[in-house]
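Q: Going down the list, the protein sequences come from chains A and B. All the letters of the first sequence, read from the start, carry residue numbers 208 to 421 under this note's numbering. All the letters of the second sequence, read from the start, carry residue numbers 154 to 413 under this note's numbering.
Since the hints were made in silico from the structure, they are not lab data. A portion of the hints provided could be inaccurate.
Stated by the list, open to error - The following label-pair restraints were derived from C-beta to C-beta distances:
id, chain 1, residue 1, chain 2, residue 2, range
1, B, L262, A, W232, 30 to 40 Å
2, A, A383, B, S255, 18 to 28 Å
3, A, T343, B, F215, 52 to 62 Å
4, B, S386, A, Y328, 17 to 27 Å
5, B, F407, A, P415, 51 to 61 Å
6, A, F336, B, R319, 39 to 49 Å
7, A, A383, B, V253, 17 to 27 Å
8, A, L393, B, T333, 15 to 25 Å
9, B, Q338, A, L393, 18 to 28 Å
10, A, L393, B, R326, 43 to 53 Å
11, B, Y224, A, W232, 55 to 65 Å
12, B, L335, A, L390, 41 to 51 Å
13, A, T343, B, L262, 51 to 61 Å
As the list claims (entries may be wrong) - The list that follows gives simulated cross-link-like pairs (lysine-lysine, DSSO-like), each with its CA atoms no further than 27 Å apart:
id, chain 1, residue 1, chain 2, residue 2
14, B, K252, A, K382
15, A, K335, A, K237
16, B, K320, A, K414
17, B, K252, A, K412
18, A, K414, A, K338
19, A, K237, A, K338
20, A, K335, A, K414
21, B, K360, A, K414
22, A, K412, A, K338
23, A, K414, B, K252
24, A, K414, A, K339
25, B, K363, A, K236
26, A, K237, A, K382
27, B, K360, A, K237
28, B, K363, A, K412
29, A, K412, B, K328
30, A, K412, B, K360
31, A, K382, A, K236
32, A, K237, B, K363
33, B, K363, A, K414
34, B, K252, B, K212
Unchecked claim - Facing chain A, a subset of chain B residues (Cβ under 8 Å, in silico):
id, residue
35, A163
36, M231
37, I299
No residue lacks a Cβ here, since even glycine has one placed at the ideal position from N, Cα and C.
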Amino acid sequence: MHIPDGVLPLGVSIAGYATTAGATWFSLKKINQREDPREGVPKAALLTAGFFVASWIHIPIPPTSIHLVLNGLMGVVLGYYAFPSILIGLFLQAILFQHGGITSLGVNAAMMGIPALLAYYIFNLRIKFGKKDSKTWTNVTAFLGGALGLGIAAVIAYTLLITSIPSYLDATVEKASILAMTLGYLPLMLIEGVFTVLIVNFLQKVKPELLENE
Amino acid sequence: MDHLRIDDYANLSSLLHRWDPRLKLIGLFILIFSIAFIQNIELMPIVLLISIGYYLISKIPFSFLMTRLRYPGVFLLMVAIIFPFFSGVTVLYQVGFVKVYSEGLIAFLLIASKFVAIMIFAVLLFGTSAVLSTIRALQQLRFPPILVDMLLMTYRYLFEISHDFRKMQLAMRMKNFHATHLNFQTLNQLAALAGTMLIRSYERSEKIYKAMILRGYASQEIKQFNTAVRFTSADWIKFTVTCLLSIGLVVAEFYFRGIL
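Can you build the whole structure from these sequences, using the hints too?
A: Structure, rendered in structure tokens:
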């Protein structure tokens with residue numbers, strides 16, 4: 208899911224940085240509208256570290272295993288802090304273990320962070336419809352947030368990779384392969400969605416205040 | 154845990170180590186982006202020479218650089234398998250039904266050499282000053298304070314939280330938890346592990362926040378003392394040389410594209 212250095216053309220990398228700058232600006236603007244914007248900083252920072260480590264959890268799918276992206280869950284838990292948090296997480300992954308890249312940081316942050324914001328909006332739909340305490344609404348919105356968070360990121364990643372790499376494929380083959388890759392992600396989206404629901408239920412039982420990001 | 158330490162060799166003394174982190178950040182970023190701009194394979198030997206040159210100046214041990222390449226090596230291997238054999242129209246070699254395409258081979262070489270060159274510069278950029286100095290440089294370069302504070306604290310607590318995580322994993326294994334099959338129970342237990350991690354991080358953050366308030370961390374903008382050191386002429390010389398190299402690469406690329 209992390210696009211490395213050296214793959215994307217410069218224009219795409221710069222567009223990615225521009226998008227990330229815009230989304231960061233938007234998030235920080237929303238954060239600064241709070242009464243005390245710095246109050247959320249330690250919470251967001253420590254949870255960023257928590258999510259960073261939680262993404263090391265491997266889900267067994269014999270004969271292999273996958274790790275989770277959890278960007279949808281980050282949106283659900285962190286709200287407007289999710290985008291800066293994802294940006295920081297990816298930056299640290301890139302400099303600490305060369306996972307992802309420096310030139311592709313903007314693209315990676317945008318493709319994972321914007322779906323996270325979307326997941327946050329989806330999860331809050333339950334409040335908008337006055338169903339905050341409904342278990343079904345919580346589960347459905349959490350599932351959609353988690354599954355779409357990963358799904359949208361995967362579609363963006365493969366679209367960028369397949370269209371920007373000189374692969375000498377014609378347009379129909381390109382479209383077919385993007386579709387195939389995305390379909391391949393459906394089971395992973397299912398797992399990510401279910402996992403998001405399970406964590407949300409766990410948090411609701413043990414520490415409900417973590418989900419009160421309105 | 155060891156792989157988290159990118160700045161293990163930040164205490165060496167070399168031209169790169171002594172370069173002010175602010176100008177180093179800007180200079181090497183310009184160079185990295187000009188490398189990303191290149192699409193002509195003919196220029197890649199020069200790019201690799203430049204990166205090897207900077208690497209030799211840095212005095213960072215080769216073994217350290219290699220450990221940094223290990224993880225991304227998997228990606229390179231994938232590109233090496235996909236491109237030369239499946240992408241292109243001109244057949245270069247053919248053994249049985251296996252064909253090697255020249256376009257695919259060139260695309261692979263281009264991606265691989267750009268990747269290695271940028272990787273080397275990234276290791277040099279973040280490996281020749283302590284990560285905390287790099288973060289301070291970002292602050293002095295006027296990055297948004299909330300972003301810098303978050304980055305600083307995430308980095309500060311990453312080590313402890315990953316240590317916690319290892320302990321929890323060990324505890325689960327001691328209670329005979331083995332994630333070998335994908336079923337609801339396994340997922341539920343792993344979700345409890347992730348959830349516990351998040352709650353622990355959250356609870357720790359509350360204590361930290363209280364401690365920070367006691368030490369004067371306030372809602373209003375704290376007036377920062379301007380402790381930034383002035384750039385020396387050596388800093389500027391290194392910056393100029395790096396910029397000139399970047400401009401040279403871009404000009405050469407334009408020349409190869411037939412624009413100049």
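Q: All hints are to be evaluated individually against the structure, with a verdict given for each.
A: Consistency of the hints with the structure:
The given range of 30 to 40 Å is respected by L262 of chain B and W232 of chain A, whose C-beta atoms sit roughly 39 Å from each other. At roughly 25 Å, the beta carbons of A383 of chain A and S255 of chain B sit within the given window of 18 to 28 Å. Range check, T343 of chain A to F215 of chain B: about 58 Å between beta-carbon atoms, so the 52 to 62 Å window is met. Range check, S386 of chain B to Y328 of chain A: about 52 Å between beta-carbon atoms, so the 17 to 27 Å window is missed.
Take F407 of chain B and P415 of chain A: their Cβ atoms lie about 59 Å apart, and the range 51 to 61 Å holds. For F336 of chain A and R319 of chain B, the hinted distance range of 39 to 49 Å is satisfied, since their beta carbons lie about 42 Å from each other. Checked against the hint of 17 to 27 Å, the pair A383 of chain A and V253 of chain B passes, with Cβ atoms roughly 24 Å apart. About 24 Å separates the C-beta atoms of L393 of chain A and T333 of chain B, a value consistent with the hinted range of 15 to 25 Å.
At roughly 23 Å, the beta carbons of Q338 of chain B and L393 of chain A sit within the given window of 18 to 28 Å. With their beta carbons about 32 Å apart, L393 of chain A and R326 of chain B fall outside the hinted range of 43 to 53 Å. For Y224 of chain B paired with W232 of chain A, a C-beta distance near 32 Å fails the hint of 55 to 65 Å. Distance hint check: the CB atoms of L335 of chain B and L390 of chain A are about 19 Å apart, inconsistent with the given range 41 to 51 Å.
The hinted window of 51 to 61 Å between T343 of chain A and L262 of chain B holds, with their beta carbons roughly 54 Å apart. A threshold of 27 Å between alpha carbons decides the hint, and for K252 of chain B with K382 of chain A the separation of about 24 Å falls inside it, so the pair holds. At most 27 Å may separate the alpha-carbon atoms for a hinted pair to count; K335 of chain A and K237 of chain A meet this at roughly 19 Å. Restraint check: the Cα-Cα separation between K320 of chain B and K414 of chain A comes to about 21 Å, which is no more than 27 Å; the hinted pair holds.
In summary, the hint linking K252 of chain B to K412 of chain A is not supported, as the alpha carbons are separated by about 58 Å, beyond the 27 Å threshold. For the given pair, K414 of chain A sits about 19 Å from K338 of chain A by alpha-carbon distance, which is consistent with the 27 Å threshold. For the proposed pair K237 of chain A and K338 of chain A, the alpha carbon gap of about 24 Å is at most 27 Å, so the pair holds. Proximity of K335 of chain A to K414 of chain A is assessed by CA-CA distance (about 22 Å); at most 27 Å being required, the pair is judged to hold.
Our distance criterion of 27 Å between C-alpha atoms is met by K360 of chain B and K414 of chain A, whose separation comes to about 16 Å. Restraint check: the Cα-Cα separation between K412 of chain A and K338 of chain A comes to about 17 Å, which is no more than 27 Å; the hinted pair holds. A C-alpha spacing of about 58 Å is found between K414 of chain A and K252 of chain B, which places the hinted pair above 27 Å, so the restraint is violated. About 16 Å separates the Cα atoms of K414 of chain A and K339 of chain A, which keeps this hinted pair within 27 Å; it holds.
Proposed proximity of K363 of chain B and K236 of chain A is supported: the alpha carbons are some 25 Å apart, at most 27 Å. About 37 Å separates the Cα atoms of K237 of chain A and K382 of chain A, which puts this hinted pair outside 27 Å; it is violated. For the given pair, K360 of chain B sits about 25 Å from K237 of chain A by alpha-carbon distance, which is consistent with the 27 Å threshold. For the given pair, K363 of chain B sits about 25 Å from K412 of chain A by alpha-carbon distance, which is consistent with the 27 Å threshold.
Proximity of K412 of chain A to K328 of chain B is assessed by CA-CA distance (about 23 Å); at most 27 Å being required, the pair is judged to hold. Simply put, K412 of chain A and K360 of chain B have alpha-carbon atoms about 22 Å apart, close enough for the 27 Å limit, and the pair holds. Proposed proximity of K382 of chain A and K236 of chain A is contradicted: the alpha carbons are some 37 Å apart, above 27 Å. The hinted pair formed by K237 of chain A and K363 of chain B meets the criterion: a straight-line CA distance of about 24 Å does not exceed 27 Å.
Distance hint between K363 of chain B and K414 of chain A is fulfilled; the C-alpha atoms sit about 19 Å from each other, no more than 27 Å. The hinted pair formed by K252 of chain B and K212 of chain B fails the criterion: a straight-line CA distance of about 42 Å is larger than 27 Å. At its closest, the beta carbon of A163 of chain B sits 12 Å from a beta carbon of chain A; the interface hint therefore is violated under the 8 Å criterion. The beta carbon of M231 of chain B comes no nearer than 10 Å to any beta carbon in chain A, farther than 8 Å, and the hint placing it at the interface is violated.
The restraint placing I299 of chain B at the interface with chain A holds, with a minimum CB-CB distance near 6 Å, inside the 8 Å limit.
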